[in-house]
Structure formats: structure tokens, C-alpha cells
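Chemist: With the hints as your guide, set chains B, C and D onto chain A.
There are 4 protein chains.
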Amino acid sequence: MEMGINGKRVLIIGIGNGIGKSIAIAYANERAIVTAVSRDEQGLRKLVLEMGGESKGHSYMATDLMIDGNPTKTAKSLIERHKKFDIVVHNIGHHLGIREPLAPVKEWQLVWKLNVGISIEMNEILIPPMIEQKWGRVIHLSSISARILRGSPQYCTSKAYLNAYVTTVGRYLADKGIVMTSIMPGAVEFGGGYWDEIKKQNPEKYHGFLKEHQAIGRMGTPEEIASFAVFMGSIHSSFAPATNIPVDGGSM
Amino acid sequence: MEMGINGKRVLIIGIGNGIGKSIAIAYANERAIVTAVSRDEQGLRKLVLEMGGESKGHSYMATDLMIDGNPTKTAKSLIERHKKFDIVVHNIGHHLGIREPLAPVKEWQLVWKLNVGISIEMNEILIPPMIEQKWGRVIHLSSISARILRGSPQYCTSKAYLNAYVTTVGRYLADKGIVMTSIMPGAVEFGGGYWDEIKKQNPEKYHGFLKEHQAIGRMGTPEEIASFAVFMGSIHSSFAPATNIPVDGGSM
Amino acid sequence: MEMGINGKRVLIIGIGNGIGKSIAIAYANERAIVTAVSRDEQGLRKLVLEMGGESKGHSYMATDLMIDGNPTKTAKSLIERHKKFDIVVHNIGHHLGIREPLAPVKEWQLVWKLNVGISIEMNEILIPPMIEQKWGRVIHLSSISARILRGSPQYCTSKAYLNAYVTTVGRYLADKGIVMTSIMPGAVEFGGGYWDEIKKQNPEKYHGFLKEHQAIGRMGTPEEIASFAVFMGSIHSSFAPATNIPVDGGSM
Amino acid sequence: MEMGINGKRVLIIGIGNGIGKSIAIAYANERAIVTAVSRDEQGLRKLVLEMGGESKGHSYMATDLMIDGNPTKTAKSLIERHKKFDIVVHNIGHHLGIREPLAPVKEWQLVWKLNVGISIEMNEILIPPMIEQKWGRVIHLSSISARILRGSPQYCTSKAYLNAYVTTVGRYLADKGIVMTSIMPGAVEFGGGYWDEIKKQNPEKYHGFLKEHQAIGRMGTPEEIASFAVFMGSIHSSFAPATNIPVDGGSM
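Going down the list, the sequences are from chains A, B, C and D. Each residue of the first sequence is one higher than the one before, counting from 1 in this note's numbering. Each residue of the second sequence is one higher than the one before, counting from 1001 in this note's numbering. Each residue of the third sequence is one higher than the one before, counting from 2001 in this note's numbering. Each residue of the fourth sequence is one higher than the one before, counting from 3001 in this note's numbering.
Please keep in mind that the hints were generated in silico from the structure rather than gathered at the bench. For every residue, glycine included, the Cβ atom is placed at its ideal position computed from N, Cα and C. Do not take every clue at face value.
[Claimed, not checked] With a straight-line cut-off of 25 Å between C-alpha atoms, the simulated DSS-like cross-links for lysine-lysine are: (1) D:K3211 <-> B:K1211; (2) C:K2056 <-> C:K2076; (3) A:K211 <-> C:K2211.
[To be verified] Stretch-level coverage of chain A by chain D, calculated; a stretch enters the list once three of its residues show a Cβ under 8 Å from a Cβ in chain D: (4) 36-46; (5) 54-63.
[As the list claims (entries may be wrong)] Cβ pair distances, simulated, as ranges: (6) C:H2207 <-> A:D196: 29 to 37 Å; (7) D:N3006 <-> B:L1102: 39 to 47 Å; (8) C:K2211 <-> D:N3070: 24 to 32 Å; (9) D:E3100 <-> B:L1102: 53 to 61 Å; (10) C:G2007 <-> A:E107: 26 to 34 Å; (11) D:E3100 <-> A:K73: 44 to 52 Å; (12) D:P3203 <-> C:E2132: 48 to 56 Å; (13) A:L96 <-> B:N1006: 42 to 50 Å; (14) B:M1066 <-> C:G2097: 23 to 31 Å; (15) B:Y1194 <-> C:G2097: 35 to 43 Å; (16) D:N3006 <-> C:D2196: 31 to 39 Å.
So that you can see chain A by itself, here it is in the shape it has in the complex (with noise of 0.2 Å):
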């Protein structure tokens, strides 16, 4: 199936994990311009390469972006440098270890500013540049836990500010051409992640999860979360703004 994104310009905010490397190379192998945004300097440079090289005009930049103040000079350097992007991935989300009910307000401000404010702060700047040429699409790695709300409270809460603010924003942007949507994987799995660790650590709690909680009885691959991540930010997804895509395994 044709995507049409054949030299769309492609934003990917957070590689960290392998969710964000698997999205960036599916967007490399369907001839989309990738640039890639992490605090991994290193990694965003093996990234490139992987997926040909600046030479097909894929590029980074590494930039911390918790730093007060980045988001927004972040999204300006790169409108200055590449005028705009059809295409916005944010794939920032973590819970910092955060996960007392009774936290001090600043913890949940802080898994909040990782989760949402980043993205709020960044589209800002990125969204203005789509609306002007009446296309674009943003996708926002969100998690099942938006709807779930099981495992860190301050983690969950956030996830369902951000399914919230993709329905808002969402239904604003839908007859400018901007398609905003969210992908909420399940548990996935990958060498250094969370699950990895937690197969070797805790094999116990690691097939009890699986079998209590994801209907399918394994974890996800990066990859299945990429291929939606793709056909979202496609011509494909034009009439499916302001939605919240579980990709979840079956979770229960």
C-alpha cells in the first residue's frame, strides 16, 4: 500500500528507547527525511547511518530537552534550519522512577513536563508551519496506561492529560489538513528496556504480567508499534484526526 510520504520531512523527538529507532527507520524505508532528536549523541549518529546517512538528508540533533527552555529553542533551530516538517513523531514518555501517591506536587510536575509539556512546548512552534501549507500529521506515543491506569500514578495521569490534549488539539487542527492522533502501545520489549530487564531480574513477574495482563501472552515489538506510527502519519490516516490508537497486545 502506498503511504505518500515519499520525501515528507519527518520530526522524531525521543530515540532513547527502542520504540522511537524502530519508528525512524520505518519512516527511512518508506523514503521519508528523517531528523532525529535526542539527549544520545552518539546513538542518533549510528541512527543516521543506519538509515543511509545525511547524504539522503536524513540528520539530528542532541539536546537535552527537560532543560527549561529547550523544547522551545529546540523546535526554533529546527524550523530555521528546515523551514518545517509535514510530519511530528513525539516519542518522550517515562516515569522517572515516580510512582508514590502522595508525591510532593513538584514529581508530578516533573512526569507531566516529560510526558506532555515537552510535546505542548514543541508543537507550539511546529504546528504553525503545517497549518500554513494545509498538511500535516502529529503523532504522539502515548501509552495504554491512559486508560488502564494501572502502575505509576503520576505516569498514567499524564498519559491521559496527553490523550486528552490530542482530542482537544486534535478536533482544532482536524480541518486545517493536520491529522493529530496518539498510539497507545501495550508492553513492548527490546534489548535495555524496561521489560528486558525485567525478564532477566524477575522472570516471575515477567510471565505473570503476561499472562494476567496482555491477552496475547507475549510482549510487543518496536516494530509493531512502528508500523502504526507510519500508516498514522500517512495520507492513509486523513480522516482519523483527533483519535487514540490502542496498540496494546490485548491488554485486560
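Modeler: Quick look at chains B, C and D alone, frame taken from chain A:
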């Protein structure tokens, strides 16, 4: 993006409206082998020709599935003839003009039968061969009415039932290699369809609806639904069992 | 808090389990006049005595509502005898031991009939006199299964249908002075009930369920559901039509 | 129905609008001892008089909780003075006139702070004494906007966050004797309130809203919300922890 369904056998039940036809053609375009079922023999014959004819393996069966016993009989006869289907798309759905909130229970049952009962009855026959081969896709055309719950109560409740069916039965099938999902279209327009009629007869209602309730500000096209129906039937939906996917132009 | 239901006529359909009986008694305690319906004549007679006897106006009707035509017949005969009911509580619900995901459609219909069909059929007769007097309360005992969707698929889908019925029909009734709602209990324990049996026969399952799935760490009591059933039947629910209220010990 | 809160200490945070005041009075009517917090000292003084005065134990504290650090300081000072509260009602919420979908992140944070941040910060201080005494009720005034997601995006997302907060933290508290819930009002009218203004200045919008979006066909009253706030604070909510309760006139 390679959908991985070249040569797969696809059964599409319900071709009467624009969406079913678009789905059939979209599958044929991916070189899947399509069997189409509906009441309208002439329409089926034309559709098969449009997909390239019987020489490509496409076929049809004309029958009225609302007749008691017909879903089972039809499914059995289809399995006899084709051994199994890799992908089944259930596209029968309508409110039948029934919308009185205090209507007799028989009318509630009738709408339920059309929108869910037929599918349940046929799945009993169609799914076991999928379980045997450890691969399958079952896609139900639900409606965003399942969530928004506006319009005919009998229709909305049936679609809500259908979504819950997909979640519960979809979980059961998830570890057997079968991905059961639903797609929830918003308002879609096609020649001779509901919104086509409204546009002609009551343009004020047509435009009022778009303004009030569909953020994208236009009706959807059958093709925009068909893309999702193919993607959910492809190899790429492997980690999305038991999900209900909105494709609704930003219903609100 | 004054419930404002002193002297109101209440019909409670389904007394077989602990919840129905508790609701009847809770209403009687607020000096409402109760009519109870179930299959178990002896149980009904005892219940009426427990509420203070027929001299207080309480009454019962023993009938099996699963017999075709009986819901209509029973509702008509009740309206003939009592003219109207101000408050109706539908408390019939069970999975009937049916839980096979690929079960014949007849079994899906049977569970639907018990959990929703009977109520729909009786409401056709019971609600018009409420509309006439511009005041009424209709309370359906649903289940948190309508949202969690774990357990018998036939039961879960029927309860999801019931919730959607309450939303759609509840909206229609809202401006007519009638408040239709559902209550969604989580796991509740009472002598002879499901969890009472499990506790005796499979204590490991009982405690495992509590630990995994009910945040409160204990089963609910029928009285904890009955309080909500009275509150939603009172004058205080006037602004809560068409709502589905969870009372579920924190299902997760 | 006996609410079982005679003599209980109730803290109500946010009295500025009609709902907070009605809740305070409803609790006082059940002979609970009320402490009210808001910015408006004069309003607080009048309220205490209306509830029977300080001789009945009622008290107030005037403070602006949007000032950094004030929620913690206020909560600590209240606990110092009153030792503990059995019931806390959080009634602060507003969109602050912020509604631009691509607004700066600071504006999103501001609305979040008002609608959720203050409550989270105060709960850190107010809940531990409840845990100690193994009994407590924490009631958050959310909004049906948390589900409907129409109106100010910053407001809707904050209320969606609040609902998820109540679910996650409410589950944690459930087995400690504490019932944390939210109430989600629909459109409510009171002198000087939002809809009161609209009715005067834009009656067409007022009536259009009622017709399109509120099935009951009228605005709610503060008393209709207050009844639920008392019921959820009573002994009768013991099996309803972590729930979000709509009281919305049939939003659609």
C-alpha cells in the same frame, strides 16, 4: 508498505453500501483473493468484474442473511467451497429505521441481529479454521455511535455490544494468532448513501451536522475507511488484537 | 438526608440474590411501598414480612420472566393492579454459565434476554405512566463488567448493551421528569452467592481476585449497593439522568 | 437516610461559586463541622453565619491558593489547628479564560495548577491523618468536560488528569478506609455564575446549548450537585472508592 496479504483469502460480508465495495477493491488492489457476500447479486457480479474477474480467484455469494438460519448455512457453504478464509470483514450494519426509545423488544432484537447477531453466528463457523492455521484477521465495521451514543438507541446499543464483543472475544483469540478488531467510522458519504440523501433533501441538516459534530468539517469517503480495513487485516496489526479503532473525522 | 420517597410506589424486579433483597428493605426503611417480583414465592413472602407485611402496602408477584411473553404480561398485570410505579429497580442479571467465546448465537441471545431484554420489554409498559405523571426513577443493576469486560463474554456484552441503553433511553426520558440510571456493582458477597461459594470451594481464587482486581481488598456487601439504589431513586438524583454509576470497590 | 457524618470535620476548599457554598450548607445541615477555604473573606464570614456560626464549630480561612507554596502552608496550618479532617471537598476549578489550542506551555500549566495541582499539593498533607485514623473521604469536583472534552482544551485536559488522579490514587487509598472520588457536574447555573451571565448576554447561546447538549433541557442547580457531594462523603460511599460520578443532566 508491504501489507503481506498477497494471495490471502478475504471474505467480505455486506457490500450494499459504499464502504463494503471500497474495502473489497482495496483488498483486491493488494492482490488478496476476495469473496463477497450480499443480497444484491447484480452488484456482486459488477464488483467481481471491477476487481479483475473470477479468473483472479474472486467470487461472490448472493444471500439474505437476515433469514433465520442463513448465516450458519452460508458460512458452512463458504467453508466447504473455500476451505478457510484468512481475513473476514463484517460490514453489515443499519438502524432499519427503528429509533423509538420505548419500542417493543422485538425491534431491539431485530437491529441487534442485523448489526451483531449475524456476525456472531457466522464467526462460530469461520473462526475455527483460522485457529487451526494459527493466523487470522476478523474485522467488524462498528460505528462511532458505539461511543457517542447519539441517534437510534437500537443502533447505538447494538454497536456498543459489538465493541464489547470484539474486546472480549478478541482477547480470547489473541494468543491463537487471530487479530479481531473493529473499525468505528464517523459519518461517511457515498452515492445513494444516507448522507448523500440528506445533502440533497435537507442541506441545512447536512451542514449543521458537520459544523456541530464532525471536527474535520466534511464527510468521510469510503476509501478512507477501506485503508484502515486493509491495514487492520494486514500483518501490521499483529499487536492490536481486541481493539476498537475510531476513524471518525473527529466526532464531537 | 431526606430522600423524599416516603409513600412512593417502588417495583423491584429480581430478588433472588442478596442485592435485590437489600434494596427492597432499604426502600421500605425509607417508607416507600414495595412490590417485589421474582420466581421464588416463598422468598417473596418472607421478604414482605420482613418489610412489615402487606398491611404496610408491600406486595409481591411470583413469576418466571424468562418465559416468552411473561415480561409484558407481568408488567400489564402490575400496572392494572397498582396503576403506576414511581420507581422501578431492575435487578435481574446472570451469566447463566454461558462463557464460551464461540458459542452459538442462541446462547448470546439468552444471556442478552435475561440481562437486558426483560427490562426493555417491561419498560415499554412501566414507563408511560411515569411520563404521564412527569416523575419517575428507573434503576438498572448493571455490572462493572460492562466496562472491565472480564469474565463471560455473553454477560459482559449484555451489560455493555445495558449501559448504552441507559445512556440513550435515559437521555430521551431526561426532560420528562424521569431519571433512568444504572448502578455497576463490583464483586459483592452474600450467603449462597457466587463469591460465597468461591470462598468455600476455592479460597485461593477468592483471595487472588481480591488482591489482583479489587483495590479495596474485600468484597462488597449488598447493603453498600442498596444505598446507591435508594439514592438514585430519591429526589436527589434529579440532575443525574442517563448515568452509569460504578460502585465497585476500585476494580482494576 | 442517615448519612453518618454528624460531628465529622469537613474541609471545603473553594467557595467562590455557587456549588461550594451549597456543599458547605448541605454538610452543615447534616450536622457536620465545616471549615471553608477561599480568597473571599467576606463571603466566608457570611457563609459561616449562614451555617449557624462559629459556636457550632464552623470556621474559615481566607487565602489565595494560587500563590506558590500556599497550598502546603495552608494545609499545614489547618492541620495544626484542627488536627485532622474526616472529609475533604476540593471545589477549585476554572478555565481562567485560557482556551487557545496552541497556547504557550505556561498557560497549560496554570490551568493544571488551579484545577489539579493545588489539590495534589494539599492532599499530601491532608490525607496522612486520614490514613492514621483509617477513615476518610476525599471528594474532587471535576467536570463532565473530563469526558466530553468540549470547551477550553486546557480545562478539559486538566479535568481528565484529575479523573485519572482519582482513579489511581483512589485505588491506593481504597484499602486504608479512605474513599477518594470525583463528581463531574454538567452545566450548572447560579447567580453571578457563567451560565447566569450567558443567559443575560446571549440567550440564544444559552438555549442552543440546552437543546443540543443537555438532555434534561435545563441547567443544574448547585443543590443538585451538593446532594452527591454529601452522599459521597457519607458512610454510604464505602464501596465506591476511586470512582468518577457524572451528575450532568444527560450531557450529549
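Chemist: It remains to establish, for every hint, whether it holds in the given structure.
Modeler: Comparing the hints with the structure gives:
Taken as a hint, the K3211 of chain D and K1211 of chain B pair is honoured in the structure, with Cα atoms around 16 Å apart against an allowance of 25 Å. The suggested pairing of K2056 of chain C with K2076 of chain C holds, with an alpha-carbon distance near 23 Å, which does not exceed 25 Å. For the hint linking K211 of chain A to K2211 of chain C, the alpha-carbon distance of about 16 Å falls within 25 Å, and the restraint holds. Only residues whose C-beta sits within less than 8 Å of a C-beta in chain D count toward coverage, and the stretch 36-46 of chain A has 0 of them, not enough to reach three; the restraint is violated.
Residue count for the stretch 54-63 of chain A with a Cβ under 8 Å from a Cβ of chain D: 0. That is fewer than the three needed, and the coverage hint is violated. Remark: the range hint 29 to 37 Å for H2207 of chain C to D196 of chain A is upheld by a beta-carbon distance near 32 Å. At roughly 43 Å, the beta-carbon separation of N3006 of chain D and L1102 of chain B lies within the given 39 to 47 Å, and the hint holds. Separated by about 40 Å at the C-beta atoms, K2211 of chain C and N3070 of chain D break the suggested range of 24 to 32 Å.
Judged by the Cβ atoms, the range 53 to 61 Å given for E3100 of chain D and L1102 of chain B is violated: they are separated by roughly 45 Å. Under the hint 26 to 34 Å, the C-beta atoms of G2007 of chain C and E107 of chain A, about 54 Å apart, miss the expected range. A C-beta distance of roughly 21 Å is found between E3100 of chain D and K73 of chain A, which places it outside the suggested range of 44 to 52 Å. Taken as a hint, the range 48 to 56 Å is violated for the pair P3203 of chain D and E2132 of chain C, whose Cβ atoms sit roughly 31 Å apart.
A C-beta distance of roughly 45 Å is found between L96 of chain A and N1006 of chain B, which places it inside the suggested range of 42 to 50 Å. Taken as a hint, the range 23 to 31 Å holds for the pair M1066 of chain B and G2097 of chain C, whose Cβ atoms sit roughly 29 Å apart. In this structure the hint that Y1194 of chain B and G2097 of chain C lie 35 to 43 Å apart at CB holds, the actual value being about 41 Å. A hinted range of 31 to 39 Å holds for the C-beta pair N3006 of chain D and D2196 of chain C, which are about 34 Å apart.
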